[in-house]
Amino acid sequence: MPYLKNTWYMFGHSHEVTTEAFRNRTIADETLLVYRKTDNTLAAIHDLCPHRFVPLHKGRQIGDIIQCGYHGLEFGADGRCVKSPVAGSPISKSACVRSYPVVERDTIIWVWVGEPEKADENLLPDYSFLTEPNRRNVGGYLHTKANYQLSADNLLDLTHVQFVHESLQASEAFERAEIRVEQDEDSVTSYLTFPNGRPSVVFQNFLDPEVPLDLVFEMRWNLPSCLRLKVTGNPPGEPENQQFETMSAHIVSPETEQTSHYFYINSRTTELDNPEKDEALRAWQEQGFIQEDKPMLEAQQRYIGDRDLMSLNPLGLKADAAAVRARRMLAERIAEEGQG
Amino acid sequence: MPYLKNTWYMFGHSHEVTTEAFRNRTIADETLLVYRKTDNTLAAIHDLCPHRFVPLHKGRQIGDIIQCGYHGLEFGADGRCVKSPVAGSPISKSACVRSYPVVERDTIIWVWVGEPEKADENLLPDYSFLTEPNRRNVGGYLHTKANYQLSADNLLDLTHVQFVHESLQASEAFERAEIRVEQDEDSVTSYLTFPNGRPSVVFQNFLDPEVPLDLVFEMRWNLPSCLRLKVTGNPPGEPENQQFETMSAHIVSPETEQTSHYFYINSRTTELDNPEKDEALRAWQEQGFIQEDKPMLEAQQRYIGDRDLMSLNPLGLKADAAAVRARRMLAERIAEEGQG
Amino acid sequence: MPYLKNTWYMFGHSHEVTTEAFRNRTIADETLLVYRKTDNTLAAIHDLCPHRFVPLHKGRQIGDIIQCGYHGLEFGADGRCVKSPVAGSPISKSACVRSYPVVERDTIIWVWVGEPEKADENLLPDYSFLTEPNRRNVGGYLHTKANYQLSADNLLDLTHVQFVHESLQASEAFERAEIRVEQDEDSVTSYLTFPNGRPSVVFQNFLDPEVPLDLVFEMRWNLPSCLRLKVTGNPPGEPENQQFETMSAHIVSPETEQTSHYFYINSRTTELDNPEKDEALRAWQEQGFIQEDKPMLEAQQRYIGDRDLMSLNPLGLKADAAAVRARRMLAERIAEEGQG
Numbered sequence: 001m002p003y004l005k006n007t008w009y010m011f012g013h014s015h016e017v018t019t020e021a022f023r024n025r026t027i028a029d030e031t032l033l034v035y036r037k038t039d040n041t042l043a044a045i046h047d048l049c050p051h052r053f054v055p056l057h058k059g060r061q062i063g064d065i066i067q068c069g070y071h072g073l074e075f076g077a078d079g080r081c082v083k084s085p086v087a088g089s090p091i092s093k094s095a096c097v098r099s100y101p102v103v104e105r106d107t108i109i110w111v112w113v114g115e116p117e118k119a120d121e122n123l124l125p126d127y128s129f130l131t132e133p134n135r136r137n138v139g140g141y142l143h144t145k146a147n148y149q150l151s152a153d154n155l156l157d158l159t160h161v162q163f164v165h166e167s168l169q170a171s172e173a174f175e176r177a178e179i180r181v182e183q184d185e186d187s188v189t190s191y192l193t194f195p196n197g198r199p200s201v202v203f204q205n206f207l208d209p210e211v212p213l214d215l216v217f218e219m220r221w222n223l224p225s226c227l228r229l230k231v232t233g234n235p236p237g238e239p240e241n242q243q244f245e246t247m248s249a250h251i252v253s254p255e256t257e258q259t260s261h262y263f264y265i266n267s268r269t270t271e272l273d274n275p276e277k278d279e280a281l282r283a284w285q286e287q288g289f290i291q292e293d294k295p296m297l298e299a300q301q302r303y304i305g306d307r308d309l310m311s312l313n314p315l316g317l318k319a320d321a322a323a324v325r326a327r328r329m330l331a332e333r334i335a336e337e338g339q340g
Numbered sequence: 001m002p003y004l005k006n007t008w009y010m011f012g013h014s015h016e017v018t019t020e021a022f023r024n025r026t027i028a029d030e031t032l033l034v035y036r037k038t039d040n041t042l043a044a045i046h047d048l049c050p051h052r053f054v055p056l057h058k059g060r061q062i063g064d065i066i067q068c069g070y071h072g073l074e075f076g077a078d079g080r081c082v083k084s085p086v087a088g089s090p091i092s093k094s095a096c097v098r099s100y101p102v103v104e105r106d107t108i109i110w111v112w113v114g115e116p117e118k119a120d121e122n123l124l125p126d127y128s129f130l131t132e133p134n135r136r137n138v139g140g141y142l143h144t145k146a147n148y149q150l151s152a153d154n155l156l157d158l159t160h161v162q163f164v165h166e167s168l169q170a171s172e173a174f175e176r177a178e179i180r181v182e183q184d185e186d187s188v189t190s191y192l193t194f195p196n197g198r199p200s201v202v203f204q205n206f207l208d209p210e211v212p213l214d215l216v217f218e219m220r221w222n223l224p225s226c227l228r229l230k231v232t233g234n235p236p237g238e239p240e241n242q243q244f245e246t247m248s249a250h251i252v253s254p255e256t257e258q259t260s261h262y263f264y265i266n267s268r269t270t271e272l273d274n275p276e277k278d279e280a281l282r283a284w285q286e287q288g289f290i291q292e293d294k295p296m297l298e299a300q301q302r303y304i305g306d307r308d309l310m311s312l313n314p315l316g317l318k319a320d321a322a323a324v325r326a327r328r329m330l331a332e333r334i335a336e337e338g339q340g
Numbered sequence: 001m002p003y004l005k006n007t008w009y010m011f012g013h014s015h016e017v018t019t020e021a022f023r024n025r026t027i028a029d030e031t032l033l034v035y036r037k038t039d040n041t042l043a044a045i046h047d048l049c050p051h052r053f054v055p056l057h058k059g060r061q062i063g064d065i066i067q068c069g070y071h072g073l074e075f076g077a078d079g080r081c082v083k084s085p086v087a088g089s090p091i092s093k094s095a096c097v098r099s100y101p102v103v104e105r106d107t108i109i110w111v112w113v114g115e116p117e118k119a120d121e122n123l124l125p126d127y128s129f130l131t132e133p134n135r136r137n138v139g140g141y142l143h144t145k146a147n148y149q150l151s152a153d154n155l156l157d158l159t160h161v162q163f164v165h166e167s168l169q170a171s172e173a174f175e176r177a178e179i180r181v182e183q184d185e186d187s188v189t190s191y192l193t194f195p196n197g198r199p200s201v202v203f204q205n206f207l208d209p210e211v212p213l214d215l216v217f218e219m220r221w222n223l224p225s226c227l228r229l230k231v232t233g234n235p236p237g238e239p240e241n242q243q244f245e246t247m248s249a250h251i252v253s254p255e256t257e258q259t260s261h262y263f264y265i266n267s268r269t270t271e272l273d274n275p276e277k278d279e280a281l282r283a284w285q286e287q288g289f290i291q292e293d294k295p296m297l298e299a300q301q302r303y304i305g306d307r308d309l310m311s312l313n314p315l316g317l318k319a320d321a322a323a324v325r326a327r328r329m330l331a332e333r334i335a336e337e338g339q340g
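Residue numbers (the numbering used here), protein chains in the order written: chain A, 1 to 340; chain B, 1 to 340; chain C, 1 to 340.
FYI, nobody ran anything at the bench for these hints, they're computed from the structure. Warning: the hint list may mix true and false statements.
If chains are identical, the list can't say which one is meant, so a pair holds when it fits in one copy or spans any two.
Below are the BS3-like pairs computed for lysine-lysine, each with C-alpha atoms no more than 27 Å apart in a straight line [what the hints assert, rightly or not]:
| id | residue 1 | residue 2 |
| --- | --- | --- |
| 1 | K83 | K318 |
| 2 | K58 | K294 |
| 3 | K83 | K294 |
| 4 | K318 | K93 |
| 5 | K58 | K318 |
| 6 | K118 | K5 |
Note that the structure is predicted; figures quoted are calculated from it, not measured.
Could you build all of it, start to finish, from the sequences and the hints given here?
Following this line, the structure appears as structure tokens:
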């Protein structure tokens, strides 16, 4: 399936690109080089020298330009060649690489691989919670040898935590779980509620394991594959009496048809100045993903290969509703774009 | 070339599947999960959850059912889904995985990947020697990145031991070797005789290296790729006066077109209670295969690729007779099946 | 693109093939086995037994014949089968492997994979400097996962040393560099001159870093991909007053479409009996290639894949002139051969 082109894809975390270190990543089959200019703003150019086709990330940044590491051609942030290697070689006007709209917001670097004139910051999904006061974020990156939509499916059907993340997250209320799905123009939100259940192990470091509560997992999906999880807990039947709330971002960008980038940002309102807490949360997120989710996703991908999941007639379950709607919404947008 | 479908393939050794540990293997491109139920009988089902296409071997066995490790669907030995993950999700009648006939006989687990109604235990090749009294068996498993028929060729032309396994098995009678082939409806048997020769190194731990004998290697091949080796020795010209006999099973199952499973079972009538002998025989079988046969087979496969050996017009030698007949018999059965 | 067939390809260095150790390499998709007969001359045969298609290099050399390691067929230097494994198997006249013209000259082993009757030693490129008196050669071999023409491009445009090999070879005269290209029927020669510049780091172990000189890199390319580099230095404007000259061979043979063999021979006229100098030169050549050139070439290849570089419309620079002429000459010869 083709990619949605006129959309923002997460390229990386703000802290991943500095004036000392650029970064290359492939997004939706486009090889990109993103670097931070001396004024601290970002530039995104095609990571490929048009002379002999080596990646520009093998070169180096000199001020605001990128110099190819093979024969020294230099390119500016707009992609134009500003210097050619040997005196006497005229710089052709056609000597340029493609440049891409790039935006930095809420600690996230977004790139637009579609038509540049359509790039619209109003289309950015809302991750403003990340920059609210009195929060501490821990962000990370993990690579997956699986299509990005398989990762989105995984996140949109959190019943999987009962099995995939059983040791820390299985709930004794699982059999009573309630699922509700909402949808608007650009997003799908899944609510998974474990009513009147004892907290699973992962919550027992701040909740009494013997006191039942209503636990709600609210997973919001935005086009193309940007998710936000809010988990809230309250005494059974007292939603107004919220005891805790945790927020996190889970954003998946396609690298190729069969590989993807998974970015997570865990955001907390307690122990803000405790670096050990940072590391504990990072370890929890990464080990859970690497040891438990990723092997599932990659096993799916090996089976599915270059086919589309839905073309294989998967058995449908109630818990798939959100993932199926998100897939459908994305497929429709891609189809519209193809006709447009 | 397609596989013969209506036939028994060795899936594994009996000891490889217990009530505590199931096993997954791909046989003729079918991914199978074989598990042992609480009554000790076996079940074989497709190793793929029809919901989101993860292998069921990533889940777990609970009594007589298999629970998918992703979202918890449960399947019985007949392949029918008996439980769906979240209360309220009805179990569709179509929610099932394929199940396969599976038989356990003579310490071997056999599976049938063709039409289930044609599965007939009378078609099992005879390995009853393995369960005769006063024998001790040592069985193992080795994987090969080569088509299963190349392994069968290797076993059916034992003149290769003179070169491939020279240090232990080369015979000074090699130049006088005699080859004879017999054939019936389902089997081909090759007799390779080294007349009046001194025993090769491997026999010298129980034979006098200076006393010549007639040595006969009888290799029986059964459809699809099941071999049994009997080696006998006797004073020159006195076949009735047999000095020793050793038996072994060598069974090759296709995994994919270009990879295969090799199972061996060395069966002896001496030193039955000597575990050091077990380990010595295992080491001899496995080192010989891994260091000497497997590199040859895999080099052949790399050259042959997705072509058929016979389509490459191999130079024919007298010693190929048994392998060529076996290939022809198998090809005829596959062709018949395609028409049937 | 097809290979030029009626041409000499470097197979290896003379010292790589001894009567004790043959060598197999794939040249232009032909798997070759080259061995040294007891009279010290060379033989080159197809590295593939026609019986069961194992490579002959898995066998062994016995005198002037090669014995297959699987079932013992024996082949002579002309490729004819001279012995078949089991007594009674007649040797078919058609039992032979292809043999190839092979020549050893100037410490280089050359093979001809085209029509044998066209093999002509007069077509060998001139590397006679290697066997002039009072020289000491250090030769080596490096494998590259890149098409051989990408290596030739690299060598024919030495402006790359300014960037790829910056730490040792960047010249402060780079901006003033002059490029000149000559061409005759079978060769292209590029002259890159750094006028009136201080020697780069690599020359400072025998040149005064403060004294400017004219430095000329003369790179001669012969069909199909055989290069010779001569570097000379003289006081500015005094070419007749040559201060030093170094010579080296850089020969690239295609292995497959996307991989190649790079052979270098560094030849010096000083410190002839100093083995430490040998090792220093070897280390310099190999580290420079492995750490600096090879990653560039392999990154190009990954992007180019199975396409032809020129079909991708590379941006043309003045410094490409020699490489472009060499590619054109080779393409023309290949086209002529296809029609012939």
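So, going through the hints one by one against the coordinates:
no.	hint	in the structure
1	K83 / K318	between (59 Å within a copy, 13 Å between copies)
2	K58 / K294	between (30 Å within a copy, 12 Å between copies)
3	K83 / K294	between (44 Å within a copy, 25 Å between copies)
4	K318 / K93	between (57 Å within a copy, 15 Å between copies)
5	K58 / K318	between (49 Å within a copy, 22 Å between copies)
6	K118 / K5	within (10 Å within a copy, 53 Å between copies)
When each numbered hint is compared with the structure, no violation occurs for any of them.
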